[in-house]
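Here the protein sequences line up with chains B and G, keeping their order.
Position 198 of the first sequence, counted from 1, bears residue number 240 in our numbering, the numbering being contiguous throughout.
Position 237 of the second sequence, counted from 1, bears residue number 279 in our numbering, the numbering being contiguous throughout.
FYI, nobody ran anything at the bench for these hints, they're computed from the structure.
Treat each hint with caution, since some may be false.
All copies of an identical chain are treated as equivalent in the list; a pair is satisfied when it fits inside any one copy or across any two copies.
Unchecked claim - Below, computed lysine to aspartate or glutamate pairings styled on EDC-like, alpha-carbon distance capped at 20 Å:
id, residue 1, residue 2
1, 295, 322
2, 207, 371
3, 272, 184
4, 207, 126
5, 59, 416
There are 2 protein chains.
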Amino acid sequence: MFSFDILATENNARVGKLVTPHGTIQTPSFVPVGTLATVKALSAEDLCKLGSQVIITNAYHLHLRPGEDLIEEMGGLHRFMSWEGPLMTDSGGFQIFSLGSGKEHGVGKIAPIFPQEKDRSIGPCSSKKEKPLVRVDEEGVEFISYLIGSRHRATPEQVIEIERKLGADIILVLDECTSPLHDYSYTKEAMERTHRWGIRAFAEFKRMSETRQALFGIIQGGAYRDLREKSAKFIAEQDFDGYAIGGSLGRSKEEMNQVLEWTMPFLPQDRPRHLLGIGEVDDIFEIVGRGIDLFDCVLPTRMARTGTVLTKETDRFRIHIRNARFKDDPLPIEEECTCYSCCNYSRAYLRHLFMTRDLLGVRLATIHNVHFLESLMHQIRLAIKEGRLCALRREWLSTI
Amino acid sequence: MFSFDILATENNARVGKLVTPHGTIQTPSFVPVGTLATVKALSAEDLCKLGSQVIITNAYHLHLRPGEDLIEEMGGLHRFMSWEGPLMTDSGGFQIFSLGSGKEHGVGKIAPIFPQEKDRSIGPCSSKKEKPLVRVDEEGVEFISYLIGSRHRATPEQVIEIERKLGADIILVLDECTSPLHDYSYTKEAMERTHRWGIRAFAEFKRMSETRQALFGIIQGGAYRDLREKSAKFIAEQDFDGYAIGGSLGRSKEEMNQVLEWTMPFLPQDRPRHLLGIGEVDDIFEIVGRGIDLFDCVLPTRMARTGTVLTKETDRFRIHIRNARFKDDPLPIEEECTCYSCCNYSRAYLRHLFMTRDLLGVRLATIHNVHFLESLMHQIRLAIKEGRLCALRREWLSTI
Chain B
43 MFSFDILATE
53 NNARVGKLVT
63 PHGTIQTPSF
73 VPVGTLATVK
83 ALSAEDLCKL
93 GSQVIITNAY
103 HLHLRPGEDL
113 IEEMGGLHRF
123 MSWEGPLMTD
133 SGGFQIFSLG
143 SGKEHGVGKI
153 APIFPQEKDR
163 SIGPCSSKKE
173 KPLVRVDEEG
183 VEFISYLIGS
193 RHRATPEQVI
203 EIERKLGADI
213 ILVLDECTSP
223 LHDYSYTKEA
233 MERTHRWGIR
243 AFAEFKRMSE
253 TRQALFGIIQ
263 GGAYRDLREK
273 SAKFIAEQDF
283 DGYAIGGSLG
293 RSKEEMNQVL
303 EWTMPFLPQD
313 RPRHLLGIGE
323 VDDIFEIVGR
333 GIDLFDCVLP
343 TRMARTGTVL
353 TKETDRFRIH
363 IRNARFKDDP
373 LPIEEECTCY
383 SCCNYSRAYL
393 RHLFMTRDLL
403 GVRLATIHNV
413 HFLESLMHQI
423 RLAIKEGRLC
433 ALRREWLSTI
Chain G
43 MFSFDILATE
53 NNARVGKLVT
63 PHGTIQTPSF
73 VPVGTLATVK
83 ALSAEDLCKL
93 GSQVIITNAY
103 HLHLRPGEDL
113 IEEMGGLHRF
123 MSWEGPLMTD
133 SGGFQIFSLG
143 SGKEHGVGKI
153 APIFPQEKDR
163 SIGPCSSKKE
173 KPLVRVDEEG
183 VEFISYLIGS
193 RHRATPEQVI
203 EIERKLGADI
213 ILVLDECTSP
223 LHDYSYTKEA
233 MERTHRWGIR
243 AFAEFKRMSE
253 TRQALFGIIQ
263 GGAYRDLREK
273 SAKFIAEQDF
283 DGYAIGGSLG
293 RSKEEMNQVL
303 EWTMPFLPQD
313 RPRHLLGIGE
323 VDDIFEIVGR
333 GIDLFDCVLP
343 TRMARTGTVL
353 TKETDRFRIH
363 IRNARFKDDP
373 LPIEEECTCY
383 SCCNYSRAYL
393 RHLFMTRDLL
403 GVRLATIHNV
413 HFLESLMHQI
423 RLAIKEGRLC
433 ALRREWLSTI
């Protein structure tokens with residue numbers, strides 16, 4: 043029910059065809075994030091029209107609400123959210139980080155370097171420092187619901203069980219995503235635990251002999267070369283259907299690229315590779331160029347909710363539509379864009395919607411942002427087929 | 043550019059064809075409210091698919107933001123909001139009430155009867171009593187922006203000028219909508235002022251010799267028979283293109299029906315009649331049965347935003363989707379409904395969207411509610427043509 047074929051390559055970049063029980067994904071592909079079984083503000087029809095091929099939801103969040111049992115009872119995730127195409131479920135490993143050490147350290151997946159703490163590999167670096175809601179041990183993870191304060195435990199086996207009930211096509215093993223501020227010793231310890239969890243998850247997956255789902259292993263190891271190499275080798279040796287590369291990805295885009303540089307050579311060519319949680323325009327060219335096939339990112343949808351829309355016309359590929367200069371701008375977000383929002387509405391109208399807090403504004407901005415990325419990915423796939431990815435990259439990134 | 047033809051009648055109910063420069067409205071028709079140049083959460087495409095024929099926006103609100111000059115500069119309201127069909131603009135008369143005496147009296151257009159104040163025609167009746175933001179005199183209205191506290195004045199002539207710039211097909215004169223708690227004397231005074239304003243507005247409209255817009259006069263007179271009759275006669279004598287019946291509409295649905303009973307006989311058969319701000323299911327049968335051709339109501343869209351959806355299956359034609367009993371309900375809102383929401387999503391999913399505050403929930407609920415009313419109006423028009431409106435009414439209202 044699953045297959046992955048490489049159709050074309052250009053250096054390390056590749057165009058592939060990933061077949062799943064719910065349809066085929068042309069890779070490399072952007073994977074919109076639908077954490078709670080919805081890509082915020084978009085209907086299944088919207089996503090279909092936008093050319094989105096696959097959505098990633100989150101097992102941890104769906105476990106808390108509405109619960110995997112309810113979704114199974116409703117016919118599974120596809121039917122529940124009325125999405126007939128391929129689906130993925132992330133495991134909750136990122137939440138172990140974001141609600142655990144990320145919360146404690148006050149940082150994201152890529153931690154900015156603060157001059158005063160360059161030599162500290164762990165420690166306070168932000169006023170956002172908060173009490174973690176997650177504790178990790180060998181058995182699995184214990185967490186407190188951020189919604190109602192209840193205590194939960196989840197083992198790698200239980201996460202597979204949750205993901206089986208949800209029924210996504212591609213499911214991810216439970217991992218421990220470490221913080222960019224964790225030191226070598228802790229990052230190594232967590233990585234080794236993630237490996238042991240991966241083996242347990244794989245065994246549980248096989249025990250269920252589930253054929254309508256594919257299981258991806260996750261590579262960890264922080265921004266340490268030997269750990270990333272070790273993790274890549276170890277995970278590649280298991281018979282996972284594909285591989286995901288998890289955070290932390292260091293303290294800069296350069297470090298993220300290094301992580302890929304160290305990791306990719308060890309991954310078998312014939313299986314799909316997913317980079318978790320990355321997706322700015324310059325990142326996309328970088329990771330696709332290094333052989334990434336799938337990546338998910340909340341950025342385009344999250345930015346849209348505050349009126350930040352993607353455009354090729356500025357150096358950071360974005361404008362803030364609420365800016366006063368768009369007050370009487372009769373042009374669409376992008377003149378050449380063929381999305382529904384740009385075909386029908388001006389920047390002035392979009393700004394008016396955001397200034398009056400109308401929900402339509404969020405939807406129109408989300409439609410544009412997702413279309414922007416889907417269109418970019420379409421161009422990238424075409425460029426790889428025609429051996430001109432480097433040229434396309436220059437064309438796009440010449441402004442920055 | 044405008045015409046109105048009656049195609050069929052059943053007692054006082056009628057099916058008509060109202061031609062405007064932006065298309066034809068089959069009457070009787072529900073008019074969705076798009077106060078700020080958007081029917082909240084819906085795109086123009088959504089409304090088109092829902093079969094909505096005409097939208098009413100609000101000159102007062104659009105004057106405050108983004109301003110009629112900006113909209114004119116952007117090519118007018120149709121182009122600004124990307125709606126190619128017929129448009130109406132309400133004048134702001136209702137805001138004179140809601141931000142003025144309505145605010146002061148703490149009541150809506152239909153005031154409930156409180157036992158302790160049955161004999162009082164004016165006075166405090168709610169803890170919501172607040173300082174009014176509007177003052178009326180012979181010249182026009184002075185109001186304080188509820189957004190930034192700035193002072194504004196508007197005369198009947200200026201409102202015509204604002205509406206001309208906005209460019210809706212059907213525009214309404216400035217009126218003074220009184221409170222159900224105003225006494226006879228004040229209601230009479232306000233009605234007579236509304237008449238004088240109507241004449242001034244009409245003169246200004248003619249002076250502009252605008253042929254792509256139609257002007258509707260507004261009938262006032264509260265819940266007093268002689269005032270309503272006098273107002274209907276007076277407005278009917280002017281050469282307005284159509285007539286709107288404004289609030290207050292008394293203290294109960296019975297009083298609202300009486301207002302129509304008194305008013306309708308004086309209105310010429312050959313011009314369209316609009317009832318402002320009414321639209322519950324039982325009201326619709328009542329007002330259509332009395333010869334109303336158009337009515338606008340925020341109810342279906344406003345209710346949708348809190349998860350209240352319309353259904354034929356309960357006595358008050360609504361269910362609250364956030365109710366726990368829908369948690370695991372695999373059925374759509376209505377099994378027979380053909381709207382996008384019902385064709386694709388379960389009550390359980392819709393509830394999940396509202397519980398997780400996803401914007402898609404509001405859109406799906408709004409789509410359903412607008413579809414519900416548009417579908418009802420389609421059935422009503424068909425029933426009148428076939429002389430079975432009474433039967434349809436019995437079928438729908440037998441449950442209440």
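Right, here's what the structure says about each hint:
1. Taking identical chains as interchangeable, the C-alpha atoms of residue 295 and residue 322 lie at most 20 Å apart only when both belong to the same chain, with a minimum of 10 Å there against 57 Å between chains.
2. For a Cα distance limit of 20 Å, the shortest separation of residue 207 from residue 371 across copies, 18 Å, qualifies, whereas the shortest one inside one copy, 49 Å, does not.
3. For a Cα distance limit of 20 Å, the shortest separation of residue 272 from residue 184 qualifies neither inside one copy, at 27 Å, nor across copies, at 75 Å.
4. In the homo-oligomer, the alpha carbons of residue 207 and residue 126 lie at most 20 Å apart inside one protomer (17 Å), although the nearest pairing across protomers, at 46 Å, exceeds that limit.
5. In the homo-oligomer, the alpha carbons of residue 59 and residue 416 lie at most 20 Å apart inside one protomer (16 Å), although the nearest pairing across protomers, at 44 Å, exceeds that limit.
Going through the hint list in order, the structure does not satisfy hint 3, though it satisfies all others.
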